[in-house]
Amino acid sequence: MSDSRTRLRNVMLTLGVGAIVAVLLALVEGNGGAKLNDTLALFAIWGIAALSLNLVNGTTGILSLGHHGFMLIGGYVTSLLIVPADVRERIASQARSDMTPFTLSLSVENAFNAVGLQALTTPETLWVRFLVALLVGGFVAMIFGLIVGIPSLRLKGDYLAIVTFGFGEIIRLSASTSLFSPFTNGALGFAGVPNDFGKSIWWTFAILGLTLFVMTKIKFSSFGRALQGIREDEIAAEAMGVNLARSKVLAFAISAFFAGIAGGLWVSYLSAARLDFFLFFLTFFFLVAISVGGTGSYTGVLMGVAVVVFVQQYGDPLEKTYGLPVWFGVIGSLILIAAAGGWLYRKTRRMRPVLHPLVVVLGLIGLGTLLFAIFGQNSPALDGTFQAFGMRRILLAVLLIVIMAFRPEGIMSRAEFSWAWALRERKDQPSDEERAQDAWLSNPDLNRGSATSSEDPLPASLTAEDAPNAVPFLERGTKPDPDEPRYGEGRDWQPEQDDEEEGR
Amino acid sequence: MAAITTTAGRRAIPWGWIFGLGIPALVLARIYYLVNVVEVRDYAFFIGAMVQSLQLGSLYALIALGYTMVYGIIRLINFAHGEVFMVGAFISYFLFSGAPFALPWALLWSAVLAWGVAFILNLWRGSMTHPTVIAGGLVAFAALTFLLSTFQVNWVAALLLSMLFTGVLGVVIDRVAYRPLRGAPRISLLITAIAVSFLLQNTGLIVFTRNQTPFRPETDWTAFLQFDVLGGTVYTSRLMFLIPILTAVLVTALTLFVTRTRLGKAMRASAQDAETAQMMGINVNRVIATTFLLGSMLAAAGGFLWGLNFGSLNQPAVMGILPGIKAFAAAVIGGIGSLPGAVIGGLLLGFLENFMTALFPRQGDFPGLTEFKDTFAFALLIVVLLVRPSGIVGEDLSEKV
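First to last, the sequence lines map onto chains C and H.
Sequential numbering of the first sequence, starting at 3, is according to my numbering.
Sequential numbering of the second sequence, starting at 7, is according to my numbering.
So that you can see chain C by itself, here it is in the shape it has in the complex:
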């Protein structure tokens, strides 16, 4: 198949999958229940944020830890611009509120009224206003991204990480101070943000698709290759003519823009904007998603987000109240499994002694706890219940530690999903140009030596289709020539002499 046909096929396949996803979403919206709906919306919102973080962390190789700050900016700007009039009146009547009449009048609705677009201020056209608010939120976050990025991107590595963390925390801490509380309503925040968008799987998935499209375009553009060059080797990239500062700041700003969009949707999902919705745990979750899925791979990031969202949404049985025997049993089993794992590890690594004292002690403790839980169920010591509040986050933290220890590049590493891979095609199909070259080379006129004559030996009609059996360019050099004797065949093969004298 030619390049253009392959591309067309890929686009058709992608559109087909998109259509199937849309049908599935429609089914979920109709019959899936509220929880599944929320889960999917959350997946899309966090997916947008994680993809944007991945542009910086994965593609450019800069560890940024301040993403919750940009999400906060996007979220608060969106809610400031979209909060309905009755909520504004309530805020104006609050004595503790710092908001001024001017900041309370900042809304998309008022702006549309001012420029004479009354048609867009009806309840039916709320989506227009929401999209405008979302975009403005994204752009404000982008401006803050530039403000943060321009000074701090001069640093590298862990210092840069800590500076971005510092900026993220500064944004969060100063949002409630008197400097910004006229815009953010201080510690009170905004309630009553319309949740028709953040909870709608259509809107969130549409924006996720758009983000994915933009991110993929960026990754495979020359700009994206420059970013990946920066990740691999800054000095080499600079030598190749990449403007380090400009590329990094631009990547950071684009990332902040999408983080702002995700923040706006997140606020809408929660139907309120408060400061404790934008704690560091958000960035941590995205970091888990990126590290688990594969640093730099968008496919992997979405897989990682699915894992995180699944744990977050369906892990609540972990945080229920259980009787102490259950806890002791679970803890005992875990310790026992750990001891068994240690034994197996030492055995496969042929470490001596296989039964390290620590393994034995752990095994005995685990066994003892388990037996106590089973046979001592009725003893007064196990009479009680316990609730492990925060177990889901512990699970994610342990997952991250384990991934970093055993597979730091993540599940997908840097590979992306591609249709060629899905259909088990050879990756290096010869391109149209290579096929044409092959046709040209196999032109019988060439071999007759008429190239010296004045007329062009290449007929104009030769195209890629004329050389259907062209060998992929990359494999040409590796194909064995049938006439050439293989190494060792047909020669007097002798082992090379160990020339000991040479070194002396």
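It cannot be assumed that every hint is accurate.
[Claimed, not checked] Stretch by stretch, here's where chain C covers chain H in the computed footprint (C-beta under 8 Å, at least three residues):
hint : stretch
1    : 27 to 38
2    : 209 to 217
3    : 253 to 266
4    : 323 to 336
These are computed hints drawn from the structure, not numbers from a lab.
Every residue, glycine too, gets a C-beta built ideally from N, C-alpha and C.
Using the hints provided, position chain H relative to the given structure of chain C.
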């Protein structure tokens, strides 16, 4: 750590003199203005602020030492250090408020503590299976089980045992989370450290408590104290003596350890060049474990004193974050990798933070700078990292080409 620093060329602008003399001059001028012109404060208030800053600065210094030692050796910003500090505070709380424990709990506590005793003996004897080490661990186990199941623990014992326990925690964290990543990119190590910090925060929520906890051991040191000076009264507590003195003792002990013992010498060597140190026969993993032990012990002492100073502990998920990051800022200001730098940076951060709020109080329409107190530490951290990453006394250890 104590590394050889060379001054390459003469600096054109003596920033050290400008800041060293200019900032105190500005502070004194502002104090004079507030006391004599606007007359909203008296001199005693600033003496009190000074005392408070000294306390707070000592606490920051204690935590910052852990950051700076770990960074000096494995170039890791130990994100989990703030959480280690939190664990130290809560452990001492449970020791002085919970003892005497029921026998199973006493056994559990003393098992961990005895392992810590054995580990410290192992640093001296060189092997965990040395007879002295095993005997010491067993004796400690028996003695601690008897002690914890029989007596109440007073605050000194709680402080020491909590330091031991938290030191063990630091060693375990290093062994389980960081050691598999030796030689991995520094960013992977940092991500692991963030994960460990998150793990400790949420484990603290489960194991310790979910609420703010009052922290009042039975001691005379928290008694209030007031004295008249410069025509005003300073209200403070006896902690103004305890905290700086205890800090000085611990810092002196640490300095003696690092400069006078073989293991300390190995630490300094590893900080300069871990690879060469290893070739010279130094067990670098042991040195790193020692570093985590010492840093975590100091953090636990900091946690205990923090609880005394503020009278309560915040809930575990948030308690360690701000002190941790501020202490890291202090370590960077002083010059990360340098022990005196951490102490200087901690004291300086304590003074700057306290005086920022004291010098700019609420006046009329001006709301004061109190609400920017936490932001200030972050801003200072960022400015120092951008302008002078080597800090006041240190050398530049940031990632080089």
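These are the hints, each one checked on the structure:
Counting residues of the stretch 27 to 38 of chain H whose CB falls under 8 Å from any CB of chain C gives 0; the rule of at least 3 is not met. Closer than 8 Å: that is the beta-carbon criterion, and the stretch 209 to 217 of chain H has 4 residues meeting it against chain C, so the requirement of 3 holds. Evaluation of the coverage hint for the stretch 253 to 266 of chain H: breached, as 0 residues show C-beta separations to chain C shorter than 8 Å, against a requirement of three. Coverage of the stretch 323 to 336 of chain H by chain C holds in this model, with 4 residues showing a Cβ closer than 8 Å to a Cβ of that chain against a need of three.
In terms of the numbered hints stated before, the structure departs from hints 1 and 3, listed from lowest to highest.
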